[in-house]
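Undergrad: Next come the chains, spelled out residue by residue.
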Amino acid sequence: LFGMFKSLTSGRVLTAETLAEPMARMREHLANKNVAADIAAEICRSVAQGMVGVRVGGLQSIKALVEENMERALTRILTPISSTDIIRDIAQARTQNRPYTMAFVGVNGVGKSTNLSKVCYWLLQNNKRVLIAACDTFRSGAVEQLRVHVRNLRALSTNQDVEIFERGYGKDSAAIAKDAIAFGAANNFDVVLIDTAGRMQDNEPLMRALAKLVSVNSPDKILFVGEALVGNEAVDQLTKFNQALRDFSGMSKPRHIDGMILTKFDTIDDRVGAALSMTYTTGQPIVFVGTGQTYTDLRKMNVSQVIRALLRA
Amino acid sequence: MVLNELGARINGALQALSRESVIDDKALDALLRDICGALLESDVNVRLVQQLRQNVKKRVNVEELASSANKRKIIQTAVFDELCGLVDPGVEPWKPRKGKQNVIMFVGLQGSGKTTSCTKLAAYYKRKGMKVGLVCADTFRAGAFDQLKQNASRVHIPYYGSYTEADPVQIAREGVDKFKADKFDIIIVDTSGRHKQEAELFAEMVQISQAVQPDNTIFVMDGTIGQAADAQARAFKESVDIGSIIITKMDGHAKGGGAISAVAATSSPIIFIGTGEHMHDLDRFSARPFVSKMLGMGDLSGLVET
Ligand SMILES: Nc1nc2c(ncn2[C@@H]2O[C@H](COP(=O)(O)OP(=O)(O)OP(=O)(O)O)[C@@H](O)[C@H]2O)c(=O)[nH]1
Ligand SMILES: Nc1nc2c(ncn2[C@@H]2O[C@H](COP(=O)(O)OP(=O)(O)OP(=O)(O)O)[C@@H](O)[C@H]2O)c(=O)[nH]1
Ligand SMILES: [Mg+2]
Ligand SMILES: [Mg+2]
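One line per chain: the protein sequences are A and B, in this order. Oh and the first sequence: position 272 is 272 in this note's numbering, straight run, nothing missing. Convert by adding 313 to the 1-based position in the second sequence; the result is the number in this note's numbering.
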């Protein structure tokens with residue numbers, strides 16, 4: 001990749017000009033790793049800026065120096081500022097005699113319902129009682145899909161601590177979520193997981209409906225589910241989901257996406273750029289990574305592994 | 314819709330070129346930089362973008378051009394042809410044969426839109442007066458059969474599937490046999506989502522394909538896919554005989570460049586694009602008119618054979 005820049009450059013001071021070419025290569029390298037083009041450009045620009053004026057030591061190559069600086073920048077972007085301890089937050093909600101609520105949102109087919117079921121499995125492992133609210137009342141088979149998951153999860157769990165709350169198709173999803181949360185509170189559930197219909201970020205009626213679901217129910221966590229396969233669209237999706245929550249909610253303190261689930265991580269080899277695009281765009285953490293189609297295929301993100309994959313030739 | 318915004322960007326770059334008083338290497342490089350940047354932002358495969366840049370440079374020898382009166386047109390034509398090459402593999406798309414029973418199999422990555430698109434396609438052929446049946450050979454995804462059933466019922470298309478049989482090969486064979494016996498013109502087989510990293514899933518796809526002997530295999534790609542498109546498309550192509558491509562979810566903001574990369578990877582044409590979740594949201598696609606339209610090529614089209 002940096003073949004041209006292997007040459008040693010001793011005792012030189014880096015300028016914008018000397019950095020232009022290696023940075024252009026880095027940009028293309030990141031784009032090839034599936035980082036959104038704009039974001040790759042922005043990160044490269046800021047890394048280059050930080051390197052201008054640096055004196056290159058005798059045996060240092062610019063390539064190594066660029067990678068070193070890039071690694072530092074990527075670590076900063078990918079490392080969450082706040083920790084997410086959902087189990088602790090659930091306990092906190094319990095002290096207020098209410099279930100902890102999580103809404104799974106995102107565009108079509110990215111894995112919302114499947115990864116909701118994986119999160120449910122993880123919660124059951126942690127001895128939580130979980131209610132799944134079937135609030136995708138639009139897509140064919142969405143309710144039955146969750147019913148099957150609940151049946152499977154009940155068979156897997158010792159105490160059968162999971163139930164589905166459903167009202168069929170065609171109904172107002174915000175109202176169903178509200179009833180589900182009330183039902184969860186009355187029946188001693190620790191957590192309510194809210195499945196929502198997939199929607200395109202430009203579809204205003206559907207985005208308004210999502211903002212309504214959020215403002216009516218104030219879920220504790222709004223998790224954006226995005227697939228690792230997504231390219232430049234990642235940026236637009238996240239920006240517009242946040243925009244809709246802000247502009248359509250009618251709340252004085254509007255909500256935003258609290259975190260992401262990065263799905264289909266098993267389908268992309270080392271083109272892990274979507275992880276970077278998503279965290280850069282939102283400043284929010286990737287709470288889980290989906291790595292397959294079974295209940296145990298849910299991981300915490302390994303930041304250094306992602307960075308290694310991003311910089312690998 | 315697909316590529317529109319990209320078309321606007323490229324067109325802008327071409328127009329900027331028309332305003333240049335001298336067209337030298339520098340102007341050409343600037344133009345190509347703009348175009349390649351736009352392609353990368355649209356998720357076109359990085360290698361294809363590099364190739365396009367080289368091909369145009371190779372075709373347009375600036376020095377030889379110097380004397381030519383229509384430098385700009387030569388450059389524009391080169392760019393146009395290369396863009397066409399991206400979306401047009403130069404093969405006739407498969408068409409169902411009248412009086413024959415045509416089996417179509419759908420394959421693709423998880424969640425790409427297979428189940429939705431196969432019902433849309435079934436409805437499309439039904440509107441053309443053909444007798445169409447749908448087979449659900451996805452025994453893996455929770456609720457897959459219910460999904461297909463509800464979709465099919467909405468557009469009154471007969472379907473075949475099972476809640477209890479776990480072997481998709483078995484169901485596919487049974488369903489196709491049944492519809493063949495009932496003299497259906499078009500039999501569409503929906504399969505589970507899969508990816509190249511899981512060899513077993515690909516082996517299953519090959520088995521289904523062998524069992525139903527499809528006349529056409531349609532590869533469904535999500536229009537928002539990024540740089541992973543090429544490797545996945547290639548792997549599908551190596552396992553089954555992909556004849557056509559459908560790109561889905563083009564009703565949003567996506568430009569579909571990743572999915573378009575699948576054309577090069579599979580040498581197969583895009584036949585339809587999905588433009589919504591409803592059963593009639595399916596648009597026909599044809600490459601060259603599309604590129605002309607996207608570039609608003611009123612004056613250019615005369616230059617180019619179609
Ligand atoms: N390989 C892989 N497949 C996944 C992963 N997560 C989900 N899937 C698959 O992706 C497909 C779509 O998943 P769903 O959970 O139905 O997606 P969704 O976002 O709920 O879809 P809609 O509700 O229709 O918008 C299914 O085939 C899942 O099995 C993952 O981490 N890896
Ligand atoms: N907006 C929009 N949504 C679409 C389009 N095509 C499919 N979808 C949606 O994308 C999601 C996934 O579609 P499916 O048809 O279930 O995808 P699939 O490939 O069968 O998924 P698996 O069987 O799990 O691999 C659903 O929510 C569909 O409604 C489209 O053209 N536009
Ligand atoms: Mg769903
Ligand atoms: Mg399907």
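Hints are not guaranteed to be accurate.
Here are the simulated lysine to aspartate or glutamate pairs, DMTMM-like style, with alpha carbons at most 20 Å apart [to be verified]:
| # | chain 1 | residue 1 | chain 2 | residue 2 |
| --- | --- | --- | --- | --- |
| 1 | B | K339 | A | E21 |
| 2 | B | K509 | A | D89 |
| 3 | B | K550 | B | E513 |
| 4 | B | K550 | A | D202 |
| 5 | A | K240 | A | E21 |
| 6 | A | K240 | B | D564 |
| 7 | B | K509 | A | E17 |
| 8 | A | K63 | A | D89 |
| 9 | A | K171 | B | D459 |
| 10 | B | K371 | B | E405 |
| 11 | B | K509 | A | D38 |
| 12 | B | K462 | A | D270 |
| 13 | A | K240 | B | E318 |
| 14 | B | K370 | B | E395 |
| 15 | B | K339 | A | D202 |
| 16 | A | K240 | A | D297 |
| 17 | B | K509 | A | D269 |
| 18 | A | K300 | A | E144 |
| 19 | B | K444 | B | D528 |
On the chain A side, residues computed to face chain B include the following (Cβ under 8 Å) [to be verified]:
| # | residue |
| --- | --- |
| 20 | A37 |
| 21 | G50 |
| 22 | S61 |
| 23 | T137 |
| 24 | G141 |
| 25 | G283 |
Hints in this document: simulated from the structure, not taken from any laboratory. Backbone N, C-alpha and C fix where the C-beta goes; we use that ideal spot for every residue, glycine too.
Undergrad: Compare the structure with each hint and give your call.
TA: Against the structure, the hints come out as follows:
Restraint check for B/K339 and A/E21: satisfied, since their Cα atoms lie roughly 16 Å apart, inside the 20 Å limit. Taking the CA atoms of B/K509 and A/D89, the gap is about 38 Å. The hint is violated against a cut of 20 Å. At roughly 16 Å between alpha-carbon atoms, B/K550 and B/E513 fall within 20 Å of each other, so this suggested pair holds. Between B/K550 and A/D202, the direct Cα distance comes to roughly 33 Å. Violation of the 20 Å bound is thereby established for this hinted pair.
A distance of roughly 34 Å separates the Cα atoms of A/K240 and A/E21; the hinted pair therefore is violated under the 20 Å criterion. Restraint check for A/K240 and B/D564: satisfied, since their Cα atoms lie roughly 15 Å apart, inside the 20 Å limit. For the given pair, B/K509 sits about 42 Å from A/E17 by alpha-carbon distance, which is inconsistent with the 20 Å threshold. Taking the CA atoms of A/K63 and A/D89, the gap is near 44 Å; set against the 20 Å cutoff, the hint is violated.
A threshold of 20 Å between alpha carbons decides the hint, and for A/K171 with B/D459 the separation of about 19 Å falls inside it, so the pair holds. Annotation: proposed proximity of B/K371 to B/E405 is violated, straight-line Cα distance about 28 Å (limit 20 Å). With a C-alpha separation of about 29 Å, the suggested pairing of B/K509 with A/D38 is violated against the 20 Å cut-off. Restraint check for B/K462 and A/D270: the C-alpha separation of about 37 Å exceeds 20 Å, so the hint is violated.
Under the criterion of a C-alpha separation no larger than 20 Å, the hint pairing A/K240 with B/E318 is consistent with the structure, at around 18 Å. For the hint linking B/K370 to B/E395, the alpha-carbon distance of about 11 Å falls within 20 Å, and the restraint holds. Between B/K339 and A/D202, the direct Cα distance comes to roughly 39 Å. Violation of the 20 Å bound is thereby established for this hinted pair. Taking the CA atoms of A/K240 and A/D297, the gap is about 28 Å. The hint is violated against a cut of 20 Å.
For the given pair, B/K509 sits about 10 Å from A/D269 by alpha-carbon distance, which is consistent with the 20 Å threshold. Only pairs whose Cα atoms come within 20 Å are accepted, and A/K300 paired with A/E144 is rejected, the gap being roughly 29 Å. Of the supplied pair hints, the one linking B/K444 and B/D528 holds, its CA atoms being roughly 16 Å apart against a limit of 20 Å. Taking 8 Å as the C-beta cut-off, the interface hint given for A/A37 holds, the closest approach to chain B being about 4 Å.
Proximity of A/G50 to chain B is violated relative to the hint, the smallest CB-CB distance being about 23 Å (cut-off 8 Å). Contact between A/S61 and chain B, as hinted, is not supported at the beta carbon level, the nearest pair being about 24 Å apart and thus beyond 8 Å. Contact between A/T137 and chain B, as hinted, is not supported at the beta carbon level, the nearest pair being about 12 Å apart and thus beyond 8 Å. At a threshold of 8 Å, the smallest CB-CB gap from A/G141 to chain B is about 3 Å, leaving the interface hint in force.
For the restraint placing A/G283 at the interface with chain B, the shortest Cβ-Cβ distance is roughly 21 Å, beyond the 8 Å limit, so the hint is violated.
When each numbered hint is compared with the structure, violations occur for hints 2, 4, 5, 7, 8, 10, 11, 12, 15, 16, 18, 21, 22, 23 and 25.
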